[in-house]
Amino acid sequence: MPRYTTHPLFVALRAQPQYSGGMSKRRNRHSRGQRGPVVLPRSYGGRIDRVDPTHAEFFTACLTQAVQQVHMSCPGILDNVVVGAEDVPTMPDWTEGRVPLSSAVDGSEHSPAKIVIYRRPLELRTASRRGLAILVHRTLVEQLSALTGTPVETIDPSIDD
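Counted the way the UniProt record's numbering counts, the sequence shown spans residues 1 to 161.
It should be emphasised that the hints constitute simulated quantities derived from the structure, not laboratory data. From the three backbone atoms N, C-alpha and C, an ideal C-beta is built for every residue, glycine too. Incorrect hints may appear among the rest.
16 Å max Cα-Cα, derived EDC-like pairs, lysine to aspartate or glutamate [unchecked claim]:
id, residue 1, residue 2
1, Lys114, Glu142
2, Lys114, Glu86
3, Lys114, Glu57
Simulated restraints, written as ranges between beta carbons of each label pair [stated by the list, open to error]:
id, residue 1, residue 2, range
4, Gln65, Asp160, 16 to 24 Å
5, Gly107, Gly131, 17 to 25 Å
6, Glu109, Pro53, 35 to 43 Å
With the hints as extra help, turn the sequences into a complete structure.
Below you can see the structure in the form of structure tokens.
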């Protein structure tokens, strides 16, 4: 037993329950919020509720909104065009030194034309979610313009060069 057990500090330390987690009770590990006996337990494993959508969900919402805007401003241009999204470009799409933001494939009589918008390259080029929504819309309009030969101003008059 230590020699100074009657010191008020030791008496106060013995009165507190011991935390056996190996880390400080107040430590905020990896910015995930407080852990331990201070925080009330949650029924679903202690995870923090997500208020904002994930990056992929937000990107899909931006792409859906961009397709709707194009359809409203230039009806019929999306006929026989399939618009999709992927996380990153595959190697056949990536032939140049720069990472592509999107790719377009001409259609044939048996298959429609395809436009693929790549999520991660677009996210890395924007600083905010609003900027991502604008860049997704502009990328879609530029790919449609290149694919159909229609001027950008005809597809979406709100885009200024």
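- Query: Checking against the hints above, which ones are violated?
  - Reply: 3 and 5
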